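J.: Read off the chains here:
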Amino acid sequence: MGAISLRKVVKRYGTGAAANQVIHGVDAEVSDGEFVVIVGPSGCGKSTLLRMVAGLEEITSGEIAIAGRVVNQLEPAERDIAMVFQNYALYPHMTVFENMAYGLKIARVPMAEIRARVDKAAAILELAPFLARRPRELSGGQRQRVAMGRAIVRQPAVYLFDEPLSNLDAKLRAQTRLEIQKLHRELRTTSLFVTHDQVEAMTLAERMIVMNAGRMEQIGTPDEVYHRPATTFVAAFIGSPPMNLVRGEAQGTGFRSGGQVLSLPAPVPRAGELVLGIRPEHVELGSDVAAGGWPVKVQALEMLGAERLVYGTLGETLFTARLDATARHPAIGDVVNIAARPEHMHWFDAATSMRVGH
Amino acid sequence: MIERSPVFDFVSHVVLAIGVVVIAFPVYLTFIASTQTPQEIIQAPMSLVPGSNMIETYRLALFGGETSMGGRVSPVGHMMWVSLVTALIIAIGKIAISLLSAFAIVYFRFPFRSLVFWMIFVTLMLPVEVRIFPTYKVVADLGMLNSYAGLTIPLIASATATFLFRQFFLTVPDELVEAARIDGAGPMRFFKDVLLPLSTTSIAALFVIQFIYGWNQYLWPLLMTSDDSMYPIVMGIKRMFGGGDAANEWNVIMATAILAMVPPALVVLLMQRWFVKGLVDAEK
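Line order of the protein sequences matches chains A and B.
Residues in the first sequence are numbered consecutively from 68, following the numbering used here.
Residues in the second sequence are numbered consecutively from 817, following the numbering used here.
No wet-lab data here; the hints were simulated from the structure.
Bear in mind the structure is a predicted one, so any value in this text is a computation, not a measurement.
Just so you know, not all the hints are guaranteed correct.
[Said to hold, decoys possible] What follows is a set of in silico ranges between Cβ atoms, one per label pair, in the way DEER data are often shown:
(1) A:199 x B:1057: 55 to 61 Å
(2) A:199 x B:863: 55 to 61 Å
(3) A:270 x B:1016: 41 to 47 Å
(4) B:925 x A:309: 39 to 45 Å
(5) B:1012 x A:187: 26 to 32 Å
[Unchecked claim] Some chain A residues judged to face chain B by a derived CB distance under 7 Å, without partners named:
(6) 123
(7) 143
(8) 144
(9) 150
(10) 152
(11) 154
(12) 156
(13) 158
(14) 160
(15) 169
(16) 170
(17) 173
(18) 174
All C-beta atoms, glycine included, are put in the ideal place defined by N, C-alpha and C.
Working from the sequences, and respecting the hints, build out all of it.
T.: Structure representation (structure tokens):
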């Protein structure tokens, strides 16, 4: 089946001094049957990377292999892939059946087999009643399923999804997310899924690739990425509200930031300029302002139903804490002491933004 | 927006009615004249009800023959055939060529692509009338005078249609091209299976326009045909006006004019639905 290898993949538009490099040497291995999500802010190069795998963008340098075969020079149709586009890209003048059958027809698959494969895909996706309709007679969710059906009937080694859920409304998106998960459990086909939505990324991915500015920041399971972010970018990008990041000078169990020295429950992994990261849900609030504590002045409160967000400032830095909605909470203007357990503290090198320590 | 009031309704209906009369009355008059005998026509005022001579006049116009006043009438039937063939070749040729050139300009990256497009576009400023003498020279040197090739080929290239198809192709989403590539469709396959079906309404609209354009050609055939068998009907009408003292067969001339109007009118009527859709509709 289809493992994908990306080796030092580079994409550059233009040549010479005017060249604009958008992918800076990405290395990644996706094993057979794995569901990998590429996530990053817009303009980070995630779609370009996917389109390079699909063969819709040329590879400037490096190598992409699908199922052990280097595909750099192959046409999209020869790469044994199927792609689901953000706006579905259904042929508007063809019926649902013709849309799904078109690729097979070109590949000269016998009509009987085309019928069988389309019927099977239609059954999986509950599209059977709509086979004779045209895309414009379908709802957004149904079109989305036709686009997936078109991918399924090709029985490719790899599925490529380019933000396929972003044109759906929130409810349908959650539902389709579940369907994609179910589909992947049944078919076990290698999938690359591009999204800018971290919820999609966390829920769908077996492993996720976090990209920023054309570079791969981290590749790992959602657990790893969430609990051990490799860089400050990942720490800030994954998680909502984002991780609190405080920059300062670390020495032993002291952390000098914004003119005050904060005492730490455990020694820092390394002395020097560091960034301390603490997730809002790991922030503990105490009322007594003890010496060496971390005084936070509460600026705003947000009640979200199950939880409550407390926004405050620690010195100059904005600091967020997330409390259970039923827990006792401070009032606006209060100064509270905050604390966190050593295992919930993430340390990053201030210069390189790379993770330091465990 | 516009207020509806009885007065306004009345005024707009009057304006419409005047418009209809201005357009339709001459056509009606032509038709009435074509049903009368030559003697009836020249009486003043001419009768405004149909005469009794319709069948004879039209038979004479279509198949030619001797008139009651002793003149000869050459058959209009054959001229209509020439016009029909010419108009069809021009319309179909224009559509085929502009579809392909628009396809090349929009979907292929070749050197000087935009220069090519602008060159085509600039020829919009050079209608047949402007380039008629050089074109005549070329056609004459190629030995295409008095032939269908000579009648049609110089009129086939069309910047308007190329431009229209280009604009339409630009609105086709890129993802459709990419989906077709992933489905394994080559360029011509994509053209045939996706672009052509999507362009049907534009093609229909253009066919109507170009058919009428081809049918109404006058100056070019006048210049390059000298053989009776290659005269299109629009020219034929003009040639029926006798010079000097000869009396004009007004009833036959009017019948010919009506016959010249029928095919374009039929094309418009039959294709009206698509025509309007093609001009108005941006649906994809």
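J.: Against each hint, give a clear statement of whether it holds in the structure.
T.: Going down the list of hints, with the structure as the test:
no. : hint                       : result
1   : A:199 x B:1057: 55 to 61 Å : holds (60 Å)
2   : A:199 x B:863: 55 to 61 Å  : holds (60 Å)
3   : A:270 x B:1016: 41 to 47 Å : holds (43 Å)
4   : B:925 x A:309: 39 to 45 Å  : holds (43 Å)
5   : B:1012 x A:187: 26 to 32 Å : holds (31 Å)
6   : 123                        : holds (5 Å)
7   : 143                        : holds (5 Å)
8   : 144                        : holds (3 Å)
9   : 150                        : holds (5 Å)
10  : 152                        : holds (5 Å)
11  : 154                        : holds (6 Å)
12  : 156                        : holds (4 Å)
13  : 158                        : holds (6 Å)
14  : 160                        : holds (4 Å)
15  : 169                        : holds (5 Å)
16  : 170                        : holds (4 Å)
17  : 173                        : holds (4 Å)
18  : 174                        : holds (6 Å)
Checked against the numbered hints given earlier, the structure satisfies every one of them.
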